[in-house]
Amino acid sequence: MADFNVNLRGVGSVSVIDVKGYLDAHTAPELENVFNKLLDDQQFRVVVNFDELKYISSAGLGVFMAYVETMRENKGDIKFSNMKENVYNIFDLLGFPILYEFFKEEKEALLKFDAQG
Amino acid sequence: MNSSNKIFERELLVKSTTDHLAQIREFTKSAAAECNFSDETIGKIILAVDEACTNIIKHAYKYSPEGNIFISSKFENGKFIISITDEGKHFDPALVPEPDLLQYNKQKHAGGLGMFLMKKLMDEVKYSTLTGNKNQVVLVKYLS
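Chain order of the listed sequences is A and B.
So for the first sequence, my numbering puts the first residue at 312; every next one is plus one.
So for the second sequence, my numbering puts the first residue at 157; every next one is plus one.
Next up, chain B with everything else stripped away, as it sits in the complex (with noise of 0.2 angstroms):
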């Protein structure tokens, strides 16, 4: 079995609040650095996830701390696929506008990056709704 084959899978759940934030990250580095991908590419993994997360505490739990946010990662096929769940308020990526930067600055607006972002440096994003009023997106890169 070569490398491209091996299957790690890997999970954390966490509250959903900030300060969980970094050691998502940690969590995403160590799973994406055990799938040889470069330094370059695990670093637009690590934002992609803290983006992910982020919306899910500020979207879907409303920055309430008592949500959890589970977090499963695995490496077939070449891919490294991270799926993260919410139990949070749904929503619809489709009615979240492509971010126009002027207009936020003029706006004065802070947010609306994070899925563009996401949907920037990964492979593929999907969002889905699950059994049980659960959410997931998942996110991919290809070790190419």
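Just chain A, with the same shape it has in the complex (with noise of 0.2 angstroms):
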């Protein structure tokens, strides 16, 4: 069994998703499912903090291919943190540094939501 866990806390006005484990198409439902409980909320402003992820598959990255437009659409976004050299890489293979902004910290992520009010 792949071992995957999904966090939600909020931080001021941003959800901040973290996320543990081995993301891929057997446990993308779980964070889809957050995702989900996001929207019904209304909430758009999302940081997902990747401090504790060892592995992702496209099945993973589909998940915020999914939803990122629509919190941009709302005035939202998903922006990445803590992410681990081996992550990113596949991150980077597929462009997402193009489309997607990364933090080194969570905490800068949060500042930069906090400056575009």
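What the hints contain is simulated information worked out from the structure, not anything from laboratory work.
Where is the CB? At the ideal position from N, CA and C, for every residue including glycine.
One thing to keep in mind: the hints can contain errors.
[Stated by the list, open to error] 20 angstroms max Cα-Cα, derived SDA-like pairs, lysine to any residue: (1) A:K348 <-> A:K395; (2) B:K218 <-> B:G268; (3) A:K365 <-> B:A189; (4) B:K185 <-> B:S300; (5) B:K264 <-> A:I409; (6) B:K264 <-> A:N316; (7) B:K264 <-> A:D388.
[Stated by the list, open to error] Output of the computed footprint for chain A on chain B, the stretches with three or more beta carbons under 8 angstroms from beta carbons of chain A: (8) 182-192; (9) 206-217; (10) 255-261.
Reassemble the complex: the two chains are provided individually, in unrelated frames, and hints are given to aid placement.
The structure is reproduced here in structure tokens:
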């Protein structure tokens, strides 16, 4: 069984999703559930903290692709932080850095939302 | 016989469900590790195999859990060769478009990256149809 955990917390007006373990086609629906909850709650400003994520496949990347436009249409965004190099390399290979913002620390991503008002 | 000429062969048969992906990754990891690839390259091979099997589960078997996925790996002449065979719906890889991330984001399109990733991560990716209505994808990584 793939070991994956997702946790949602609020920091001011931003929702922070902590992902942990292995994000693949088996576990991606757990992350989708969290994004669906955010949409239900009209929460569109999201930081995903990857500090404890060990592995991601395209099924995991697809979750962000499915939701980012909705967040942006509602003046929000999905920003990424604390990514390990091996995980970042996959995002990079697929061209994500052109379309998404990556931050070394969660705090920087939160500040960027603050700066955007 | 030096290590680049050694032949390691391994096989794994699993059903077509996503809860087997972790097992598939473990199998790939231990097979690739025997061939002295770097951790970084092992990571690439694991992801390519995961993507290939995910595509089989999703597209060839349409999430039907009773399909078979047969994986065999071998290392010979400096090449790590992983063959993945299924008995699901045939597909023509030539019909799969190059992904356009900007369009996919705009269209809220969640898929379409797996085959592109496999090609980026491996040295060779070959699709074929075998007798008995089987499909096979062969992934190759050179030990450089």
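Results of checking the hints against the structure:
1. A:K348 <-> A:K395: violated, 26 angstroms
2. B:K218 <-> B:G268: Holds, at about 15 angstroms.
3. A:K365 <-> B:A189: holds, 18 angstroms
4. B:K185 <-> B:S300: Holds, at roughly 18 angstroms.
5. B:K264 <-> A:I409: Holds, at roughly 17 angstroms.
6. B:K264 <-> A:N316: violated, 24 angstroms
7. B:K264 <-> A:D388: Between K264 (chain B) and D388 (chain A) the Cα gap is close to 14 angstroms, so the pair holds against 20 angstroms.
8. 182-192: Check failed, 0 qualifying residues.
9. 206-217: Result for this restraint: holds, n = 5.
10. 255-261: holds (count 5)
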